[in-house]
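Just so you know, the sequences run in chain order A and B. If you're matching positions, the first sequence starts at 1 in our numbering and goes up one per residue. If you're matching positions, the second sequence starts at 1001 in our numbering and goes up one per residue.
If you're looking for bench data, these hints aren't it; they were derived computationally from the structure. Every residue, glycine too, gets a C-beta built ideally from N, C-alpha and C. Incorrect hints may have been included.
Which bits of chain B does chain A cover? Going by a derived footprint, with three or more residues having C-beta under 8 Å, they are [unchecked claim]:
id: 1; segment: 1029 to 1043
id: 2; segment: 1096 to 1102
Here are the simulated distance ranges between beta carbons [stated by the list, open to error]:
id: 3; chain 1: B; residue 1: 1057; chain 2: A; residue 2: 27; range: 25 to 35 Å
id: 4; chain 1: A; residue 1: 2; chain 2: B; residue 2: 1031; range: 13 to 23 Å
id: 5; chain 1: B; residue 1: 1016; chain 2: A; residue 2: 56; range: 40 to 50 Å
id: 6; chain 1: A; residue 1: 50; chain 2: B; residue 2: 1068; range: 25 to 35 Å
id: 7; chain 1: B; residue 1: 1082; chain 2: A; residue 2: 69; range: 33 to 43 Å
id: 8; chain 1: B; residue 1: 1053; chain 2: A; residue 2: 109; range: 42 to 52 Å
id: 9; chain 1: B; residue 1: 1082; chain 2: A; residue 2: 27; range: 24 to 34 Å
id: 10; chain 1: B; residue 1: 1038; chain 2: A; residue 2: 86; range: 14 to 24 Å
id: 11; chain 1: B; residue 1: 1030; chain 2: A; residue 2: 53; range: 19 to 29 Å
id: 12; chain 1: B; residue 1: 1020; chain 2: A; residue 2: 16; range: 43 to 53 Å
id: 13; chain 1: A; residue 1: 69; chain 2: B; residue 2: 1018; range: 40 to 50 Å
id: 14; chain 1: B; residue 1: 1027; chain 2: A; residue 2: 18; range: 33 to 43 Å
id: 15; chain 1: B; residue 1: 1093; chain 2: A; residue 2: 39; range: 21 to 31 Å
id: 16; chain 1: B; residue 1: 1012; chain 2: A; residue 2: 86; range: 23 to 33 Å
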Amino acid sequence: EAQVTQNPRYLITVTGKKLTVTCSQNMNHEYMSWYRQDPGLGLRQIYYSMNVEVTDKGDVPEGYKVSRKEKRNFPLILESPSPNQTSLYFCASKSASYGYTFGSGTRLTVV
Amino acid sequence: GQQVMQIPQYQHVQEGEDFTTYCNSSTTLSNIQWYKQRPGGHPVFLIQLVKSGEVKKQKRLTFQFGEAKKNSSLHITATQTTDVGTYFCAVIASNTGKLIFGQGTTLQVKP
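Bound-form chain A, shown alone (with noise of 0.2 Å):
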């Protein structure tokens, strides 16, 4: 089945502990994105990847990394988390001809 995968979908963590939240795609998709959503904000792109080894900076990177080391893998770092990170986090890819599909999505917390 086609899909997006992220782990996990629920995390509490607390203020500065380093954690990453990985996403996987079986679809061959060159494009892929993170995006958090926030109550009364949307949905924001953090960053994005054209392609293996390339990627930029969306409209909310600010304490973020990522890193496309291999088409199918894009996992988002959270260095020195912040309770203002705490969101709801999608990732999602994207095919030439068709619309995103988005993970499941994670819910983390930053107490």
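Fit chain B to the known structure of chain A by using the hints.
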């Protein structure tokens, strides 16, 4: 940058009533996509429109792209409780592939 404004923000309807959400842009759009996000779920791609005046139907859902390609609408005929969720319009920025979302319309359906 490119923006899309979506109205209304919320809509409560009685089951069986129709529902419409509108998406507007001040600039000409190359394409528009529609997504549905169920409560607690992730955005799911519904459809993409690219041609001026295009109309597409999916069962009770009718999608339109304006003649000037500056607006779009999603109309649901005879709503059902399964239609509950937030409907987003979105455009893909041609240079970055970034998906720019409207604010979404949250639909509640009373049985």
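- Item | Hints breached by this structure | Hint check: nothing fails, all pass.
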